[in-house]
Amino acid sequence: MTKELVVALAGNPNCGKSTLFNELTGGRQHVSNYPGITVERKEGFLTFDGLRLKIVDLPGTYSLTAYSIEELVARDFIVDEKPHVVVNIVDATSLDRHLYLTIQLLELGVPVVLVLNMMDMVEQRGITIDRERLEKRLGIPIVPMVARIGKGKEELIRAIVETAHRHPRSNQKFTISYGPDIDHHLHEMERIIAEQGFLVEKYPPRWVALKYLEEDRQIIEKGDLADRELSERLKAMAGKIADHIAKTLDTYPEAVIADYRYGFITALLKDGVVQRPSVTSKRELTDILDRFLTNRLLGPIIMVFVLYLVYTITFKYSELPVEWVNRFFGLLASYGARALPEGPLRSLIVDGIIGGVGNVFSFVPLIVLMFLCIAILEDTGYLARVAYMLDRVFRIFGLHGNSVMALIIGGGIAGGCAVPGVMATRTLRSSKERLATILVTPFMNCGAKLPVYAMIIATFFEAGRAQIMLILTILSWMIALSAAWILRSTVLRGPSTPFLLELPVYRLPTLKGLLIHTWERTWQYMKKAGTLIVAITVLLWALMSYPKPPEEVLNSIPPESHSQFELEYSIAGRLGKSLSYITKFCGFDWKINVALFGGFAAKEVILSTLGTAYALGTEDEESTKSLSERIRNDPHWTPLMAWVFMVFVMIYAPCMATLVVIAKETGSLRWSIFSLVFNTAIAFMLAVGMYQGGLALGLSR
Amino acid sequence: MSKRIIPMRQMEKGQRGIIHSIKATGELGRRIRDMGITPGTPVEIQGRAPLKDPVAIKVRNFRLTLRNNEADYIEVEVEDNEA
Chain F
1 MTKELVVALA GNPNCGKSTL FNELTGGRQH VSNYPGITVE RKEGFLTFDG LRLKIVDLPG
61 TYSLTAYSIE ELVARDFIVD EKPHVVVNIV DATSLDRHLY LTIQLLELGV PVVLVLNMMD
121 MVEQRGITID RERLEKRLGI PIVPMVARIG KGKEELIRAI VETAHRHPRS NQKFTISYGP
181 DIDHHLHEME RIIAEQGFLV EKYPPRWVAL KYLEEDRQII EKGDLADREL SERLKAMAGK
241 IADHIAKTLD TYPEAVIADY RYGFITALLK DGVVQRPSVT SKRELTDILD RFLTNRLLGP
301 IIMVFVLYLV YTITFKYSEL PVEWVNRFFG LLASYGARAL PEGPLRSLIV DGIIGGVGNV
361 FSFVPLIVLM FLCIAILEDT GYLARVAYML DRVFRIFGLH GNSVMALIIG GGIAGGCAVP
421 GVMATRTLRS SKERLATILV TPFMNCGAKL PVYAMIIATF FEAGRAQIML ILTILSWMIA
481 LSAAWILRST VLRGPSTPFL LELPVYRLPT LKGLLIHTWE RTWQYMKKAG TLIVAITVLL
541 WALMSYPKPP EEVLNSIPPE SHSQFELEYS IAGRLGKSLS YITKFCGFDW KINVALFGGF
601 AAKEVILSTL GTAYALGTED EESTKSLSER IRNDPHWTPL MAWVFMVFVM IYAPCMATLV
661 VIAKETGSLR WSIFSLVFNT AIAFMLAVGM YQGGLALGLS R
Chain W
1 MSKRIIPMRQ MEKGQRGIIH SIKATGELGR RIRDMGITPG TPVEIQGRAP LKDPVAIKVR
61 NFRLTLRNNE ADYIEVEVED NEA
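Here the protein sequences come in this chain order: F and W.
If you're matching positions, the first sequence starts at 1 in the working numbering and goes up one per residue.
If you're matching positions, the second sequence starts at 1 in the working numbering and goes up one per residue.
In case anyone wonders, no lab produced these hints; they're calculated from the structure.
The structure presented is a predicted model; accordingly, all values stated were derived computationally and were not measured.
Glycine included, C-beta positions come from ideal geometry on N, C-alpha and C.
Among the clues, some could well be false.
[Said to hold, decoys possible] No more than 25 Å apart at the CA atoms, straight line, and that leaves these computed lysine-lysine pairs for DSS-like: (1) K270(F) to K136(F); (2) K13(W) to K58(W); (3) K512(F) to K151(F); (4) K54(F) to K82(F); (5) K270(F) to K58(W); (6) K247(F) to K23(W); (7) K240(F) to K58(W); (8) K202(F) to K222(F); (9) K577(F) to K548(F).
[Stated by the list, open to error] A partial selection of chain W residues facing chain F, derived with a Cβ cut-off under 8 Å: (10) I19; (11) E27; (12) R33; (13) M35; (14) P42; (15) Q46; (16) P50; (17) D53; (18) R60; (19) L66.
I would like the entire structure built from these sequences, with the hints used as guidance.
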């Protein structure tokens, strides 16, 4: 049996952590979560010298406090799962900030290997870093790297293996001074903790003492459970220090601790570790680019242009592959219809399974391109600029600049998916802003709604198709933002949380990173589609085919109306029919109702259900006439209806998968139910308004 | 040239200074410190968003953005050019 080493990858956001992870693990990785935000664990493997290295990518964090989900996940992994080595990757061009996390890892007493990433940039700027001196001062191995091109990878792997063997989790002690006001008391607290063996099975005593001073929620909670009396005593000691610091320094222990950590780093780097060229007048590329890209006038213009470009690329280049996919499944369906004997089995395979799978795959090309565009925006650093430029707008609606991320991933840019979008809200700290963002993210035009729009647009509108898509996108933003405002001034009232966002250096994304990113997301979609969507299409086929009307009733009506009657007689048909008493106010007949009902399962099912409804409802089952032609020939459908339908699809109840994620992310089924009811109610009201208004204006034809 | 202490909100684009103190406590205070904004650190205003808020700054050789009402809690020592 080969030995396995567990290696955790820790670092700030935007330091090249994902790049390093991809470089180390290549294609051999396992994501147990939707990408975009790596709060869940991302694991990968590599073998070296008969050893198996399990690399776990921790969420990117600036610190290791207990107040954000990411930081807690990272800290708990390091403490609970005891990785053999923690690889801390830092941006070598701004060591003074990145070492802040390093110091906290060292204080936690774990074996660390420090990766100085972006050494090419360091050299380019004429900065020199004395690696040996830094190694000696921190007491850990240091590996210089250029992760984007894999430079230094071999050396890193060797350092990992060596470190794992050298420290069987030894107690290498790393301490820094927190000044005369704290040091003495800290030492006293540390002594008591060590003596009593308080929480020592997991944490170093000095670290626990520091956490009591910092008033760390998680540790104090654990302490209360472990030994209430001692915990109270430590709290009292910490309180005394806090009082003293408040009186003498007009501040509080946590601030003093942070200042001393930075002070330590500054002193360390000045002490011959980092040498910068004396003249640094040369403007960096990022500063020059920002002058244009975030310019007061040019910035928003470029932003709109970039977003529009994403649509164009997504739509234009997916046209041909989508056609191929459609043709393939069309052929398959006609082959199936010819090869199989008439009966329920043929109907199941041709109408249920082939139809369902075909629709799932028909917009994979669309999704690949869209995810590729988003990955480029994320990896270049432009997405953070979008948040910067839009925050003032978002705040008006009670959201956060970071809400942009969730809304964009959820479909703010041509496609996306509400599932990862809802998960992307984990970057938001305030539960109220986060909840509001979660609840309005499903309003965005996710990738699954796109084929519905695309089909309707292609059927009813000859000119200006891209413009119609743009209108739909703007509309979805307006509705989402208004809904957010309503939520934040009613059920989710409360103050806003800190914005503070890093504007990363502009970088050219690596092809490998882009491909892995895009592939992961597309694969997640296909997995979800492959299982859930096909299964539900089949279920719906059953709902639409059964129960069968009795023979004698069928015999009493003309044969050409048999299929029609059978569908109306089915469970779905009856449901659609009874709902049409209400939905007639927005012009929806029972076929549309059935399709929308199918959309609860997943929005892409709307098309296949509509297709099945029309295919089952007409006589020529043999023909593979497209859905588009069928609805064009249905006098019920007018351009007005097309608009009402698209708007309703945009707004009404999120799909099942999204509802499941909402329940998971909010920790209660309540918000899923709320979302279901709230969204459908808004959609219905708007649809009725549009339809009745349109009719009043004489737009019926 | 004299020195004076002003809230970061009042600084202009391109102006430099040294962080003097951070008045924020709780979560905001923690976030500000996590990002490396501590007393004694040099800071430069990079610019403001198209709607004049938030503000983009450069500190410890990296760029970050914060809202004006957050910048109010950060006091900066600047050189007084008007005097």
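- Are the Cα positions of K512(F) and K151(F) separated by 25 Å at most? Answer holds: K512(F) to K151(F) is near 15 Å, not above 25 Å.
- Pair hint K270(F) and K136(F), alpha-carbon separation not exceeding 25 Å: holds, 15 Å
- Decide if the proposed pair is consistent with the structure: K202(F) and K222(F), CA atoms, cutoff 25 Å inclusive. holds, 11 Å
- Would the stated hint for L66(W) survive a check requiring a Cβ distance to chain F of less than 8 Å? holds, 5 Å
- Query: Per the CB criterion, is M35(W) less than 8 Å away from chain F?
  - Reply: The hint holds - M35(W) has a Cβ within 8 Å of chain F, the shortest such distance being about 6 Å.
- Against chain F, with CB atoms and a cut of 8 Å, does the hint on D53(W) hold up? Holds, because the Cβ-Cβ distance from D53(W) to chain F comes to roughly 5 Å (cut-off 8 Å).
- Task: With chain F as the partner, please determine if R33(W) meets the hint condition of a C-beta pair closer than 8 Å.
- Result: Holds - the Cβ of R33(W) comes within 8 Å of chain F, reaching about 4 Å at its closest.
- Query: Does the structure keep K270(F) and K58(W) at a Cα separation of 25 Å or less?
  - Reply: holds, 20 Å
- Message: Given the hinted pair K240(F) and K58(W), is their Cα-Cα distance within 25 Å?
- Response: violated, 37 Å
- Message: Interface hint check: R60(W), Cβ to nearest Cβ on chain F, cutoff 8 Å. Holds or violated?
- Response: holds, 5 Å
- Message: Check whether the Cα positions of K54(F) and K82(F) lie no farther apart than 25 Å.
- Response: holds, 13 Å
- Item | Interface hint outcome for P42(W) [beta carbon to chain F under 8 Å] | violated, 11 Å
Comparing the model with each earlier hint shows violations of hints 7, 10 and 14; every other hint is respected.
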